[in-house]
Structure formats: C-alpha cells, structure tokens
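Line by line, the protein sequences are chains A and B. Per the working numbering, numbering through the first sequence is continuous, rising by one, with the last residue being 548. Per the working numbering, numbering through the second sequence is continuous, rising by one, with the last residue being 548.
Rather than coming from a laboratory, the hints here were simulated on the basis of the structure. Quick caveat, the model's predicted, so the values are computed rather than measured. It cannot be assumed that every hint is accurate.
[What the hints assert, rightly or not] List of simulated lysine-lysine pairs, DSSO-like, C-alpha gap at most 27 Å:
| no. | chain 1 | residue 1 | chain 2 | residue 2 |
| --- | --- | --- | --- | --- |
| 1 | A | Lys386 | A | Lys487 |
| 2 | B | Lys487 | B | Lys316 |
| 3 | A | Lys438 | A | Lys527 |
| 4 | A | Lys301 | B | Lys301 |
| 5 | A | Lys295 | A | Lys372 |
| 6 | B | Lys175 | A | Lys372 |
| 7 | A | Lys316 | A | Lys472 |
| 8 | B | Lys372 | B | Lys386 |
| 9 | B | Lys372 | A | Lys175 |
[Stated by the list, open to error] Computed spacing ranges between beta-carbons, pair by pair:
| no. | chain 1 | residue 1 | chain 2 | residue 2 | range |
| --- | --- | --- | --- | --- | --- |
| 10 | B | Asp376 | A | Glu167 | 39 to 47 Å |
| 11 | A | Thr280 | B | Gly293 | 43 to 51 Å |
| 12 | B | Asn353 | A | Gly322 | 33 to 41 Å |
| 13 | B | His298 | A | Arg536 | 38 to 46 Å |
| 14 | B | Asn353 | A | Pro151 | 53 to 61 Å |
| 15 | A | Gln114 | B | Asn357 | 44 to 52 Å |
| 16 | B | Gly352 | A | Gly322 | 24 to 32 Å |
| 17 | A | Lys438 | B | Asp169 | 41 to 49 Å |
Backbone N, C-alpha and C fix where the C-beta goes; we use that ideal spot for every residue, glycine too.
2 protein chains.
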Amino acid sequence: MLGLMQEWPLLCHKIIDHAARQHPHREIVSRSIEGPIVRTNYAELRTRSLKVAQRLERDGYKTGDRIATLAWNSARHMEAWYGIMGMGAVYHTLNPRLFPEQLVWIMNHAQDQALFVDLTFVPLVEKIASQVPSLKRIIVLTDAAHLPQTTLPNVTAYEEWLAEADGDYAWKALDEHAAAGMCYTSGTTGDPKGVVYSHRSNVLHAMIAVMPDAMGISVRDVVMPVVPMFHANAWGLAQSTPMVGAKFVMPGGKMDGASIYEMLDTERVTFTAAVPTVWLMLLQHLEETGKKLPHLNKVVIGGSACPRTVTEKFERNYGVEVIHAWGMTEMSPLGTLCTIKPEYDDLEGNDRLNLQQKQGYTPFGVEMKITDDDNNELPWDGKTFGRLKVRGPAVSGSYFGGASAEQFDADDWFDTGDVAHIDINGYMQITDRSKDVIKSGGEWISSIELENLALGHPDVQEAAVIGVKHSRWDERPLMVVVRKPGREPEKADILAFLNGKVAKWWMPDDVAFVDEIPHTATGKIQKMALRERFKDYRLPSDTAG
Amino acid sequence: MLGLMQEWPLLCHKIIDHAARQHPHREIVSRSIEGPIVRTNYAELRTRSLKVAQRLERDGYKTGDRIATLAWNSARHMEAWYGIMGMGAVYHTLNPRLFPEQLVWIMNHAQDQALFVDLTFVPLVEKIASQVPSLKRIIVLTDAAHLPQTTLPNVTAYEEWLAEADGDYAWKALDEHAAAGMCYTSGTTGDPKGVVYSHRSNVLHAMIAVMPDAMGISVRDVVMPVVPMFHANAWGLAQSTPMVGAKFVMPGGKMDGASIYEMLDTERVTFTAAVPTVWLMLLQHLEETGKKLPHLNKVVIGGSACPRTVTEKFERNYGVEVIHAWGMTEMSPLGTLCTIKPEYDDLEGNDRLNLQQKQGYTPFGVEMKITDDDNNELPWDGKTFGRLKVRGPAVSGSYFGGASAEQFDADDWFDTGDVAHIDINGYMQITDRSKDVIKSGGEWISSIELENLALGHPDVQEAAVIGVKHSRWDERPLMVVVRKPGREPEKADILAFLNGKVAKWWMPDDVAFVDEIPHTATGKIQKMALRERFKDYRLPSDTAG
Ligand SMILES: Nc1ncnc2c1ncn2[C@@H]1O[C@H](COP(=O)(O)O)[C@@H](O)[C@H]1O
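Could you put together the complete structure from these sequences and hints?
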C-alpha cells in the first residue's frame, strides 16, 4: 500500500522559486569582480536564472550536459547554477587553485560543454581551453564593456548573452534523482574523482543544513559563505540560504582579512563559514586594527581541523559562536557539526574548548560508524579510533565513471578515508587520514593529534607528522616542523613540550625542521610529498642494520 | 544523467534510529493513563518499537495492514507508531471524540486489523468492536495488573503481549512512498475522508517543521505536544522531536489547566503546541493561581484561529513567544506559521498583535496560492480573498478510496476549502471556509472576520456568522451569539460595537442570541447545523415577499 501524498519531486529550482515567492526583495549582495559592491534580490535572481536556462537551451545544450563554472562567489555565479540546474544540465564547479593540467584532465573527464568564467580566470582558461575539445562556448561573467581582449574562440560577455533571453521559460520537469551538480575531489593520490550531486541530494542537504542544531540558519540571518562555491558547493549555503530566505552576501575574489571584515561589517553579516586559514587572516586583521564583530553571531569552520586558538579568540574576544564542522565533497559536504548538546551544558573554559576541537555529531540524515580494517564496528568510547564510514541521502554512492569502487561497501557505507573516534555522546573527532595514520608495531598513532599538540608550541608555525620506516616497529613518527619567523626552537624543546601530553609510545622519534610544508590546492598538507621527501630518512632510534 | 548519491529512502524508522544512536538517554516523559509520571528514553523506546514490530509480524500482520490506535499521547502510543511503521504496516489514529457510529464507519472503511487502545477508551471500544469485523486483536496499552474486566474478545495487555518479543528484529526495507499512517478528517458534511501519509511525507514534514523559522525545535528544547497524536499526527511532533533529539514530554489524557501547568513546570518544557481552547484553560489557571511560566519559550497555536487575547497574554504577561500556525490533516499538517520576517521587525504592540492574527507564511516545501472560483490566481495584496490552494510533498494527492476527487486539481493543487488573503510579504490570513463564506450580491463576506470582531465585545462568549437567504442579495449575514454568563447584551449593543470596524455592507443584518453553538469533535463550529437551524429565518432587512 502506497501513501497518497502528492508527487512533489525535490528539485533545486523549487528552492529559488520559494525564495522569490516568499522573500522576493531580500537582498543578495556581491563584491563584483569588476570592483563595486552590487545588489540584487531573490526575485531578480530567479528571473535571471530563468534567462540562463532559456539561453542555454537556445544554444542547444541538453539535459545532462555538464556546464563548468570557474568563478568566485557572486550573484552571477549563483544565477548560472540555478539556470543550469533548472534546464536539466549539470553545473560543474572547477577549482581555480588546481594546476592547469589537472583542470584539463577534469574537464575532459567530465566532458564539459560550456564554461562560465570570472574575469580573474580568463588568462588561466586561455592556457587550457584548446585542450578541452568538448568545450563549445565560454561565457565571461561580466558585461561587454569589461570583456578583455582574448585569444579564446567562442567567447561572449555574460550580460549580452543573457540579454537575448526574456525569461519566459518553465523549469524542466525532472526526476529528483537527475544529476544537478558535479565536483571533483583532488585526492592526494591518483586521479581526481568526480562527485555527482542529484537534485534530491542537494535539496535534502539544504534541509539538513538549516536545522537548528546544524547550521541553524534563519530568515533573520545575514549569511556570507566565504567558502567558495567551487569548494564542495560552498557547503550548501547557496541552497540553504534561499531555502530560508535570508539575506545573502558574497565576497567575490577578495578573501584577505580587511576585505572580509569590510563585508562582515557593512552588510551586518550574522552567519559566515570558511576554512581555518581565512579566519586566521581575519583574526590577525582584527588584532592589528582593534576592530570588533558586533553583528556576527556564528561562524562555521571546517575543511580542516579548526585550531583551538581560532575558536578561543572568536568566542572569548569577539562573542562569536564557533561551530566546528566536518564534511567532504562526497557528502555535499556536511557530515558532523560541533554544536552543544545538553549533555555538555556544564562545560566551561578549557573543557568547552576541548569539546570544540571535536568535529561534532551527525544531524538526522547522516549516519556514521567507525570500523577496524575488517569492517567490525568499534565502540563509541572517545578513545578507540578506526575508519570513519558514512551513509545518507547526500553521500556519494559512487564516483563518476566508477572510479575507486573500493571506497563503497556493499551495504552502501562510504569509507571517508578519515580515521576518527566517537565519544559516548556521539561526538566524532578526526584523528587522521587512513593513509597518514602511523602504524607502529601494529598499533595506530594519530598524526593529527601530534600536529595539533605541536601547534601549541609558541615557536611552531606548522607541523606535520609522518610515518618513517623503522626496522623494529615498521613505522615510527617523524615530526616535520616549520619554525615561526625569527624563532629557533630545537628538537629537544619540541619534544620536551610534547612530553607528558601524549602516551610515551606516541612520542615522535625525531623532529626535522623545514622551510615549508607542501599543500594541496584546497590547503591540506601533502603528506604524500613529505613521505616521498623523507622516504630514506634514518631515525636515530632505528639502531638496526 | 542521474546523480550518483546513495539510495537512502526517507523512512520513519530512521528517525528513531537516529535518536537512539545520537541521543540515547534523552528522556521521554509521559503522564500515564494509570496515573504516575513514567520515564523512558530514545534508546529504550526504539527497542520497544522493534518489539512491537516483531510481535505484530509474529501475529501475522502484513505490510500495508492498517493498525488502529485510540490513545492519548504517551510513550506507549509512540512506540506503537514506530513499531507499526517499522514493520511496514500503517498506523491509523482514531479520534475518541467522534461519535461511536463514526468510529465504526471509519474503522470499516480503513479495514483496521488490530487496535491499540488506552484504558480510558475500553468502554467505548466495547460498544463498537463487534461492528468492525476486520478487527482481529485489541491490545490495551497497559499491563496485566491494570487490564480491566471486559466483554471484548481477543484482548491482551500491551506489556504482556510485548514481553513475548525480544526485539531482535530488522526494520523492513520499504519504498519511501509506502504508506506509514492514516487519519480521517471529519468534515462538517459527508463521510469522513481518509488521508494516507507515506514514510517520505512524514520524514519530509518533520524536516520542514524543525526549520528555524517554522517550529524551530532544537536538541536543547523540551517539547510537549498537548495536541493529541490523533489530531493530525500531533502536528508531526512525534517525528520532529526525535529527529532533533530533544526531550519529549507527553501529557496523557489530562489536558486541564492545572495538569498542563504541572507538566510544563516540573519537566521544564520550553516548547509546546495545541489548539486555542487548551491555552484558554491554561491562561485561566495561571490567572487564578498567579503562577508564571519561567521555562516556556514558544507555543505553537493552531487548529482554529488563535484569539488575539491568547497571543497577547502569553507574550506580554508570561514572556512566551506565540507562533500562530495553520494546517490541515491533509497537510501532515503544517501549512503556514506566523514567525516574524525582517520586513516586520519594527512592528510593536497592537500592530504586532495584528500581524500575529494572521496564520503566517509557508516554509520551503509548502506552496500556496489563492484563486477565484475559476482557478484564476488572485494577487497577494492582503485584501483580496479567494480559495486557498496548496501543493507540497506532505500534502494529500487523493483520499483513501478516491473520495472527493474534485478537491484535487489536475495540476496537483489541493483545494483546502479555506478562503484566505495573502499580504505582500506572503502572510496568509484565513477569512473563512469556502462553504461558510457569505455571498452577498456576488461579493464575498468573511464570516470569520465578523466573528473575531464580535469576540472583542466584553459580553460575548462565542459568535458564529452564517449566510441567511435574502430575496434581494441572495444571502446576508446573520450573527449568532452566545452571551457570557450573567451578561445581557442587546442586538443594538453588538451592532454598535461592530459599526465602523467593517465595511458597511459587511454589517450583519441581524443578531440572534442562543444558549449554545454546536461544535464538531475537533472543536470547530458546526455551521451546517446552524444554517439548518436558521434556514427559515426571516431577516428584518428582507422586506420583499
Ligand atoms: N573539521 C575538519 N577537521 C579535520 N579534517 C577535516 C575537517 N573538515 C574536513 N576535513 C578533511 O577534509 C576532507 C574532505 O576534503 P574535501 O572533500 O576537499 O572537502 C575530509 O575527509 C577530512 O579529511
């Protein structure tokens, strides 16, 4: 027996329809690539998205075609997204921080048919476009007056291209399982893997994200995603914000402390989200200028572990609630958020900060478990760590083209590649990547935990711990450290600092000082490269042979 | 091209799984029918629900079977729901306030196979059970010690029946469109109509309900639905509360002011919901005793229009935020909620109260429009009223057995039978039922607006306005009034009070005083009965013939 409720497929354009109907005049503010701050609203954005859809269709694009975007967060980028999805095509966000050859590989793998690109990235596209034969048209997100001289063929200025449509268009009636968007994850090894979001997963993800104990966004908020739309969907904010009808602010390409502060302040932003590096820059700017954050209520921090001092400064010095969050491109991206359950109401000071170092717990719609290498579930005791596996309607079931099938269990659990423990109250903490965990005599040592501790040393700028071959223990930890400018800590200082803070057998066997630690395009430490560099390193403790 | 996200059907038992996993020890407190306050938690409730499912299956019940419940809000009732749904059967809530012959009709129409019943209602079931041949077993929600002497065959005490299962059961793998629950609406005319909820609609409805600008329930809340589970799913609270993992409090059968106050106070309830009559009783109790509501933050009031004085007293005297809401059994039931958009931030005092008289705006997942009789859309100007039509994933697409098909447009809009206007900011206000609107010379007069005005008269206890035949205008309004005890207002007093508050041609042509106005089982005025009673009434203004 089936229920007798309406067929109402979960389609992304229903989000923008809702926003335009219920919150037509709510502002959308962007720092434009051309320079000035520009303003639109949900009603206008919807009309322009309809034009995008209509214009794409007129250009001959079809349901299922991948249409790439290479752009900062702006209303134009968002219109392009809704227009692409609304005509049944698939937005494909490209990360401009990737190497040109990676972009070429990804675009060819996705078979991108057209590209919306910001002025900023025209030179980059000039280098690669000829290597992507599927690409039929390049639309520069600007007007004719700002269109630069370019060697690119088939280039149009967005505003002129759009002006040829009148917006008299009806969104495509699609299956909610139809593809809506696409994003490649740049793993530290192997080829990038394509994640394909569906309309359903995007809509459900937005509904999950707005829940009070997740991001908890209300129409009364002013939301600014500093996290780019090309980084895992801007964590869903371009969908969850119109879903609740809140004012939306987008920082364009300027992500330095002063520019972010300016947007936060002049637009009275109450809610924002980005990776830790952005907040380090903002906090430094605030400290240098003595400025405050009177409007901001909440900041979501994720993408990599949030340093304790960032949480501490936001909460103590500026009265801003920090929500540490964990997710992945494959999870649309939300996985867990560290909002406070009543169980932890009494935590104060350092104890509260300790809790906030955890990545938090899953909202409804995300399931997680930790297992050993044989897929046996491990207990939630806050100590035992294992492979973190997840399940949910906004979690990848496979990669585009079937890559890396071993990450998907038969029972549909996705192996995140992260290693974590989960405490008795359901709070998860990442302790490592499964590739990076150090296996010493059969036991696991968490590289991340050691790194975090080392960052507490006043002279340490950055630290990375890797496993180095050891004749007796298989692997032992080596700590690689970048010193703060002008500081000269010695190996013994670092080890003395760690001593007593971790189990004896976790103590690094050695410390190596370097000028720089290599990073991926999304700002993560490239441990592969480090391991390569130190592959012949002989630990002083390794007295054999 | 399809998205590549996981198949993760929206099934109701995933809600209780999530609650048990992430919030295992959060309390569920019920005032038991036997008397004492009893406590359980989400982990235990899930285990007992698994037993219900297992036990039902062992008794031979099958996927799609309707299993009725006739019970107050309690943990046992909730376990029964999750158990029934989790084995693929369909809970069917019966409203004990219906007449026995209506219950018999409904149970036969639904072909109920079993019945979970509270002690309170055993005498009622004794009267009707023999007339429902499909009924195979009656499970009284109590233990053997409390099981009364009864003439009913096939009766078991719930606790003994449950004890035969060990809970080693796996929820059924169901299609998310499978039926999960059923509820009949008792229209004022014709046979009751069966609404059939699906797993998908229940889950999506819960996700919509918890959104910050809808009910906005958080894990930090203590939620008490006073609205019964048999009244449109307790407005979804038995699903949205475990979804966020909040403490859940259920008042059992005691809904008088003192009992409700006791639960609010001792359990520190922060969020509650019920129809206006319950709150009138509570406010009276508070006024008589001088008690306050220090813990309560929000109260959702719906089911019928919320009297202005209720909103005023809650907000001004007790610091409790009132959310006026509108919905219907056919909408799972949420339609609109009157939370405050930034557009209305500056409203204070009476202006704010005026806004709160409106039923509010739709969250994402509910679409609404108003049309004239020919299905032409009417403007959102806050004045023009028309038929209110809705669409959404938790809105009925048809009734069980195909009844009343004319309420469903070809384009899937459901005609609510309500008449409303919608203002420029999307706030809807019910002005009438389409059956009750008074058509005077082709123009519509809202009976409800007149009734609300009359309630402002200090001597008026209740008022109902109906259309009475008029030889010149077709229909003209007659106001039927119940006076407050000991008060003796005259027709002229009432009319003078209304004068100037409505357009001249809306003024009732006459006032009739009665001792009592008839109500339906769910507390709504039975206008049909009133129209019947006054069908030969001759208005003084009707000078013809
Ligand atoms: N809050 C966090 N703490 C630690 N690692 C994180 C956090 N958020 C994301 N990550 C890491 O980033 C990965 C996802 O990368 P991406 O798909 O590029 O967003 C995760 O698998 C984690 O390894």
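Verification of the hints:
Taking the CA atoms of Lys386(A) and Lys487(A), the gap is near 32 Å; set against the 27 Å cutoff, the hint is violated. The suggested pairing of Lys487(B) with Lys316(B) holds, with an alpha-carbon distance near 20 Å, which does not exceed 27 Å. About 14 Å separates the Cα atoms of Lys438(A) and Lys527(A), which keeps this hinted pair within 27 Å; it holds. Distance check on the hinted pair: Lys301(A) and Lys301(B) sit about 22 Å apart at the alpha-carbon level, within 27 Å; holds.
For the given pair, Lys295(A) sits about 40 Å from Lys372(A) by alpha-carbon distance, which is inconsistent with the 27 Å threshold. Distance hint between Lys175(B) and Lys372(A) is fulfilled; the C-alpha atoms sit about 21 Å from each other, no more than 27 Å. For the suggested pair Lys316(A) and Lys472(A), the alpha carbons sit about 39 Å apart, so the restraint of at most 27 Å is broken. A distance of roughly 14 Å separates the Cα atoms of Lys372(B) and Lys386(B); the hinted pair therefore holds under the 27 Å criterion.
Between Lys372(B) and Lys175(A), the direct Cα distance comes to roughly 21 Å. Compliance with the 27 Å bound is thereby established for this hinted pair. In this structure the hint that Asp376(B) and Glu167(A) lie 39 to 47 Å apart at CB holds, the actual value being about 40 Å. Take Thr280(A) and Gly293(B): their Cβ atoms lie about 57 Å apart, and the range 43 to 51 Å is violated. The given range of 33 to 41 Å is respected by Asn353(B) and Gly322(A), whose C-beta atoms sit roughly 34 Å from each other.
At about 60 Å, the CB distance of His298(B) to Arg536(A) disagrees with the hint of 38 to 46 Å. The hinted range of 53 to 61 Å is satisfied by Asn353(B) and Pro151(A), whose Cβ atoms lie roughly 58 Å apart. One distance hint, 44 to 52 Å for the beta-carbon pair Gln114(A) and Asn357(B), is violated here, with the actual separation near 57 Å. Separated by about 30 Å at the C-beta atoms, Gly352(B) and Gly322(A) satisfy the suggested range of 24 to 32 Å.
Between Lys438(A) and Asp169(B) the beta carbon distance is about 42 Å. The supplied range of 41 to 49 Å therefore holds.
Hints 1, 5, 7, 11, 13 and 15 from the list above are not met by this structure, while the remaining hints are.
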